[in-house]
Amino acid sequence: MTTAQELRDKKQTYWDDVAVGHQFPPLVIGPMTPTHLFRWSAAIENWHRIHYDQSFAIYHEGLPNILGQGSWKQSILPRYLKDLCLPDGWPWKVTFQHRAMIVPGDTITVWATVTKKYEEEGLGFLDLDVGMRLQYDAESCPGRATIVLPIRGGKPIPYPFVPPKKLVS
Amino acid sequence: MSNAPASTESALTPEVKAMIGVSAEKVEASFEWGIEREGLRIFTQAIMDPDPRYWDEAFAKSTKFGAIITPPIYCTYIGRRQRPGADDPVTRAFKENPNSDGIGGVRTGEGKGSLPLVPTPLKRILNAGNEIELRQYPKIGDRIFSQAKYADIKERVQKDGSRMLVVTTETLYTNQNGELLCILRASQIRR
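Chains as they are written, first to last, in this note's numbering: chain A, 1 to 169; chain B, 1 to 191.
Worth double-checking, as some hints may not be accurate.
Cut-off 30 angstroms, straight-line C-alpha distance, at most; resulting in silico cross-link-like pairs (DSBU-like, lysine-lysine) [said to hold, decoys possible]:
1. LYS116/A with LYS26/B
2. LYS154/B with LYS165/A
3. LYS116/A with LYS166/A
4. LYS154/B with LYS112/B
5. LYS165/A with LYS149/B
6. LYS166/A with LYS154/B
7. LYS11/A with LYS123/B
8. LYS64/B with LYS10/A
9. LYS155/A with LYS139/B
10. LYS26/B with LYS159/B
No lab work stands behind these hints: they were computed from the structure.
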């Protein structure tokens, strides 16, 4: 886990210093417990019983256990990308699918690897493979992301972020 | 038990296809008091993110964002909260169906700003994947507006021959100044 102090003191990673194949430091979360899942359900008022009612999940839905929420995973990946970009980069976009189920007892390693590096309108872009790997090496949330990191001596990354027209589909 | 039609029947009926491109009205997702610190505290603790940009005002002011911000997609969740004084949808759902899954009968799709329901007998819902595009972090006090549309609906055939639908919605989130905060494209499996 990352601490508040580490995020406060986070040093900028520059686009210049990252090459294709670079693996960013992972974020390890867990082991997950029913309480973690319930806390998320309560935080976002998601009352789907497969996330906190074990009898319902197993005996009514035929699931192996209560399940970690897709919405939680959807929040963790952007949070991780945000951390990678701090303090002045921008986690522009991420797309992912839900694969292996997360159940209580699982430990999750959030990871990112650079697959492409390019410059557009003076800004430094990185395409990434990303995911949330479980302790038995199954991938729970494979996806792709694009982040923007500052170029040494380059212009500041605009905030609010406006993507270059060429990169908008 | 699957609600899926027999393999010869397409789940992608003309009525379902007609939903593609249908938009909901633009509504305020936040309450009239906007984003507040207590809700932000609960949310950030649930994603285990201790970032001081979410709670340390002096530090947050020193960052490029200039103020306390929220997690990247916080604004996509605030519209799920139950408005004070509203009828309790949980109680209603379980009165109507003691075996409610806690979501199908709770979120009826009849709320302001909701998309009309996809006319399908496929009631079971699973999250299939998401795409998130970020432009700006919401700030404390911001009022958040959202507008959803059905971006795409596809049919897939499962191994047992039954049909399922993959329903993709696209929701734009803006603040009180009309500035785009983020775009969420969410795909759900209906089976």
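Here is how each hint holds up against the structure:
1. LYS116/A with LYS26/B: violated (37 angstroms)
2. LYS154/B with LYS165/A: holds (29 angstroms)
3. LYS116/A with LYS166/A: Distance of about 16 angstroms is within 30 angstroms: holds.
4. LYS154/B with LYS112/B: Roughly 26 angstroms between the alpha carbons, so the hint for LYS154/B and LYS112/B holds.
5. LYS165/A with LYS149/B: holds (23 angstroms)
6. LYS166/A with LYS154/B: Cα-Cα ~28 angstroms, so holds.
7. LYS11/A with LYS123/B: violated (48 angstroms)
8. LYS64/B with LYS10/A: holds (14 angstroms)
9. LYS155/A with LYS139/B: holds (25 angstroms)
10. LYS26/B with LYS159/B: Violated, at roughly 39 angstroms.
Comparing the model with each earlier hint shows violations of hints 1, 7, 10; every other hint is respected.
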